[in-house]
Amino acid sequence: MRVDTGHVSMTAATTIELPFGMSPGADAKPDERALVVAAQRGSNDAFAQLVRLHQRRAYAVCRAIVLTHEDAEDAVQEGFLHAFKALDRFLPDQPFGAWLYRIMANASLDLVRRRKVRDADELPEGVPMPFRDPGESDELRRRLNEALTKLTDRQRSVIVLHDVEGFTHGEIGEMLGIPEGTARSDLHHARASLRRILGDVRSDL
Amino acid sequence: MSDLRLFPDDDDVTRGLRAIYAAPMGESYWNELQARVMARVADVELGWWTELDRWARPALAAAAVLLLSAGVAMFRAHQSEADIASDVMLSSPAVPVSTAIRPAYQDDQGARLRFLFGR
Numbered sequence: 001m002r003v004d005t006g007h008v009s010m011t012a013a014t015t016i017e018l019p020f021g022m023s024p025g026a027d028a029k030p031d032e033r034a035l036v037v038a039a040q041r042g043s044n045d046a047f048a049q050l051v052r053l054h055q056r057r058a059y060a061v062c063r064a065i066v067l068t069h070e071d072a073e074d075a076v077q078e079g080f081l082h083a084f085k086a087l088d089r090f091l092p093d094q095p096f097g098a099w100l101y102r103i104m105a106n107a108s109l110d111l112v113r114r115r116k117v118r119d120a121d122e123l124p125e126g127v128p129m130p131f132r133d134p135g136e137s138d139e140l141r142r143r144l145n146e147a148l149t150k151l152t153d154r155q156r157s158v159i160v161l162h163d164v165e166g167f168t169h170g171e172i173g174e175m176l177g178i179p180e181g182t183a184r185s186d187l188h189h190a191r192a193s194l195r196r197i198l199g200d201v202r203s204d205l
Numbered sequence: 001m002s003d004l005r006l007f008p009d010d011d012d013v014t015r016g017l018r019a020i021y022a023a024p025m026g027e028s029y030w031n032e033l034q035a036r037v038m039a040r041v042a043d044v045e046l047g048w049w050t051e052l053d054r055w056a057r058p059a060l061a062a063a064a065v066l067l068l069s070a071g072v073a074m075f076r077a078h079q080s081e082a083d084i085a086s087d088v089m090l091s092s093p094a095v096p097v098s099t100a101i102r103p104a105y106q107d108d109q110g111a112r113l114r115f116l117f118g119r
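Going down the list, the sequences are from chains U and A.
Residue 138 in the numbering used here sits at position 138 of the first sequence, with consecutive numbering throughout.
Residue 60 in the numbering used here sits at position 60 of the second sequence, with consecutive numbering throughout.
Among the hints, a few may not be true.
To be verified - One-sided and incomplete, this derived list gives chain U residues near chain A with beta-carbon spacing under 7 angstroms:
1. Arg52
2. Gln55
3. Tyr59
4. Ala60
5. Leu67
6. Phe80
7. Asp163
8. Val164
9. Ile197
What the hints assert, rightly or not - Computed Cβ-Cβ distance ranges for the label pairs, DEER-style:
10. A:Trp55 to U:Ala192: 49 to 57 angstroms
11. A:Ala42 to U:Glu70: 18 to 26 angstroms
12. U:Gln94 to A:Ala64: 56 to 64 angstroms
13. A:Val65 to U:His189: 50 to 58 angstroms
14. U:Pro92 to A:Ser80: 47 to 55 angstroms
15. U:Arg196 to A:Ser28: 37 to 45 angstroms
16. A:Ser28 to U:Val117: 29 to 37 angstroms
17. A:Val65 to U:Arg115: 40 to 48 angstroms
18. U:Val117 to A:Asp53: 23 to 31 angstroms
These aren't lab readings, by the way, just hints derived from the structure by calculation.
All residues carry an ideal CB built from backbone N, CA and C; glycine is no exception.
Please put together the full structure from these sequences, using the hints given.
What follows is the structure, given as structure tokens:
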């Protein structure tokens, strides 16, 4: 059983909340490394701090891959659980964020695969919407939602991770387990598809 | 800019995507999510399989060392037996060589001759 070793120095910097969409900056890295080492030694407090530091970004990664907010929540929890179990194998010299987001992406992809199998068994005619908001009145958002369902899972993930979350092609490739060039090409095709689909909607109006 | 424009450009699309994929803003939501994650971590820690998992590698290593030691001990024991057998074979015989190689009938013949001439 893990035991709290009390190795974590609870400085003010370790408890700083990063704004959404921002990766931990250079100032946070030494503390993050200390937290990782402490968590590896068994400190749950340190792991809780790591969760706090990364959960928003982790949610964003998962949300880009799965279809709903609820699935993103599940994937985030699964991802952190996997990370906790695999913490012993993480080398503290590596960037923790990149390692963690790869785990999050894998947890999300697993969830998407499980959902597909389940939906194929139970709801063959159902087309899930990326975002369900009964009170939605925003026309562009509604059309965008429709357009997003027409993209492949990977194209949707790539465009959200790049255009919304600001990840580079290389980072996206690493997270999704595809070459950087494929991520770049997916992004190009996703944008082209969105333009075409939104154009089709326009011509239908 | 209106969302009802019929020709959304890339900026509009990006803004729309950001709106769709926006993370929850409330601090209480993130506190709750962190608490849920840590509750699951605690569940994992309490499981007997975690203990098993933690001990699996040392146990495997210990088993491997034991197996290796047993193998070495058996090999040495076997070798020692072979050495003893070899030593026994190569050690000097209990009876003199001349006795050992002399045919038995010579003994009988000599005894007979000694009996005849001795009388």
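Going through the hints against the structure:
1. Given hint, Arg52 of chain U at the interface with chain A, holds; its Cβ is 6 angstroms from that chain's nearest Cβ, closer than 7 angstroms.
2. Against a cut-off of 7 angstroms between C-beta atoms, the interface hint on Gln55 of chain U holds, since the closest Cβ of chain A lies about 6 angstroms away.
3. Below 7 angstroms, beta-carbon pairs count as interface contacts, and Tyr59 of chain U has one with chain A at about 5 angstroms; its hint therefore holds.
4. The interface hint given for Ala60 of chain U is met, as the beta carbon of that residue sits about 6 angstroms from the closest beta carbon of chain A, less than 7 angstroms.
5. Below 7 angstroms, beta-carbon pairs count as interface contacts, and Leu67 of chain U has none with chain A, the closest being about 11 angstroms; its hint is therefore violated.
6. Nearest Cβ of chain A to the Cβ of Phe80 of chain U: about 5 angstroms, under the 7 angstroms cut. The hint holds.
7. The interface hint given for Asp163 of chain U holds, since its Cβ lies 5 angstroms from the closest Cβ of chain A, which is under the 7 angstroms cut-off.
8. Among the interface hints, the one on Val164 of chain U holds; its C-beta lies about 5 angstroms from the nearest C-beta in chain A, closer than the 7 angstroms criterion.
9. Look at Ile197 of chain U: its Cβ only gets to about 11 angstroms from chain A, farther than 7 angstroms, so that hint breaks.
10. Trp55 of chain A and Ala192 of chain U have their C-beta atoms about 54 angstroms apart, which keeps the hinted 49 to 57 angstroms range intact.
11. A hinted range of 18 to 26 angstroms for the beta carbons of Ala42 of chain A and Glu70 of chain U is consistent with their spacing of about 22 angstroms.
12. In this structure, Gln94 of chain U and Ala64 of chain A break the distance hint of 56 to 64 angstroms, their C-beta atoms being roughly 29 angstroms apart.
13. At about 56 angstroms, the CB distance of Val65 of chain A to His189 of chain U agrees with the hint of 50 to 58 angstroms.
14. A C-beta distance of roughly 50 angstroms is found between Pro92 of chain U and Ser80 of chain A, which places it inside the suggested range of 47 to 55 angstroms.
15. The supplied range of 37 to 45 angstroms is met by Arg196 of chain U and Ser28 of chain A, whose beta-carbon atoms lie about 41 angstroms from each other.
16. The beta-carbon spacing between Ser28 of chain A and Val117 of chain U, approximately 34 angstroms, falls within the hinted interval of 29 to 37 angstroms.
17. Distance hint check: the CB atoms of Val65 of chain A and Arg115 of chain U are about 46 angstroms apart, consistent with the given range 40 to 48 angstroms.
18. Between Val117 of chain U and Asp53 of chain A the C-beta distance comes to about 28 angstroms, which sits within the given range of 23 to 31 angstroms.
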